[in-house]
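Enquirer: Sequence:
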Amino acid sequence: MACLFSLCMQPTTFTFINKDKLVRPSKDKVAVIMGTTGTGKSRLSIDLATIFGGEIINSDKIQIHKGLNVISNKVTDEERRRVPHYLLGIIDPDDDFKAHDFVYHASLTADAITKKGHLPIIAGGSNSFIKALVIDDIEFQSKYECCYLWVDVPMPILHPFLEKRVDKMVERMLVDESREFFNPKGDYTHGIRRSIGVPEMDEYFRKEKLVDSATRAKLLAKAIHQIKENTCKLASRQLRNILRLAEQLEWQIHRLEATEAFLRSDVEANEAWETLVLGPSIKILAHFLNKKTK
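Just so you know, the numbering used here puts 185 at position 171 of the sequence shown, and the rest follows in order with no gaps.
Just so you know, these hints were derived from the structure itself, not from any lab. Bear in mind the structure is a predicted one, so any value in this text is a computation, not a measurement. Honestly, I wouldn't trust all of these hints.
As the list claims (entries may be wrong) - Computed Cβ-Cβ distance ranges for the label pairs, DEER-style: (1) 236 / 152: 21 to 31 Å; (2) 109 / 170: 20 to 30 Å; (3) 294 / 184: 32 to 42 Å; (4) 305 / 220: 56 to 66 Å; (5) 220 / 262: 41 to 51 Å; (6) 260 / 227: 47 to 57 Å; (7) 271 / 229: 36 to 46 Å.
C-beta: ideal position from N, C-alpha, C; glycine also.
Throw the hints in and build the complete structure from the sequences for me.
Expert: Have a look at this one:
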C-alpha cells in the first residue's frame, strides 16, 4: 500500500516543457463514483479523497436539499473525516433542483477544486445528473477527463440489506423526520418531498389520531413496507440507468464487485471492502492520475 500511496501523490496537475515555461495539461481529471443506493459510494469516495487529496461533489438529487438527513442517508460530519463536501444539504426543501442546475454548480465546483490542485470526486446515485454533466455538457467534456468507478452489488443481495437499512432508519427517527414534510394537500411532486420515505407515510399521518393503537400500528407497518419496496425498486431502476450510461460511455468504467463486503460482518466485512473495493480503486485511480491526459 505504501508504494501505491507514493504513486498516488506524484504531481499530475502540471507538465514542464522547459525550465522556464509551465503549462497545464489539456484536461484536468475527475473521479466519478457510481452505484445504486446502499452500495457504499459515499464510503468509497471518502476513502479515496483521504488518499488522493480529493474533495467531494454530491450528485444525489435528494441529498442536495436541506433536511431528511436520516431518510436520505446523508453522511454525517464524523463520516466525512474532514473531507470537504459540496452540493450537500444546500438547497431549500421546497425548491426543485434540475439536471441543468447540477451541471452549472458541479462545473463551477470542479473548477474551484482543481484550481487548488485537488481532485474533484463526484459521488451520488442520481445518474441523470451524472449523464447531464459528463455526456451532455460539451464544455465539461472539453475541460475534464473522467475515471469512472462503479460499486456493484447484485440485487438479490442488495435488497435485503436495503430493507434492514430502512428498519435502522425507523429506529433513528424516520417517522419524525418524515412528519416535517407531510403535505395535507397530498402533493409530493416537488423538492425534497419526492424522497422515498415521505409520500409513503401520508396515510399514516392522516389517520394516526383517528384510529385505535392496533390500526395505527398496521398503518405504520404498511408505510414501512412501502418504503422498503420502493427503495428496492429505486435500486433496480438505478442499475438499469447505470448500464445505459455505461453503454454511452462505451464501457470505459471500472466495475468493483462489493458482494463479499455485504455478505460478511464486522471485521471480515471491512477486510473484504479493503481487498475487493478500495484496493483495486486505489490502483485504478493512481494509474489514471499519473497517465498523460488526452
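Enquirer: Against each hint, give a clear statement of whether it holds in the structure.
Expert: Hint check results:
Separated by about 47 Å at the C-beta atoms, residue 236 and residue 152 break the suggested range of 21 to 31 Å. Taken as a hint, the range 20 to 30 Å is violated for the pair residue 109 and residue 170, whose Cβ atoms sit roughly 37 Å apart. Between residue 294 and residue 184 the CB atoms are about 35 Å apart, so this pair conforms to the stated range of 32 to 42 Å. The hinted range of 56 to 66 Å is satisfied by residue 305 and residue 220, whose Cβ atoms lie roughly 58 Å apart.
Between residue 220 and residue 262 the beta carbon distance is about 43 Å. The supplied range of 41 to 51 Å therefore holds. Distance hint check for residue 260 and residue 227: the Cβ-Cβ separation is about 49 Å, which falls inside the suggested range of 47 to 57 Å. The beta-carbon spacing between residue 271 and residue 229, approximately 45 Å, falls within the hinted interval of 36 to 46 Å.
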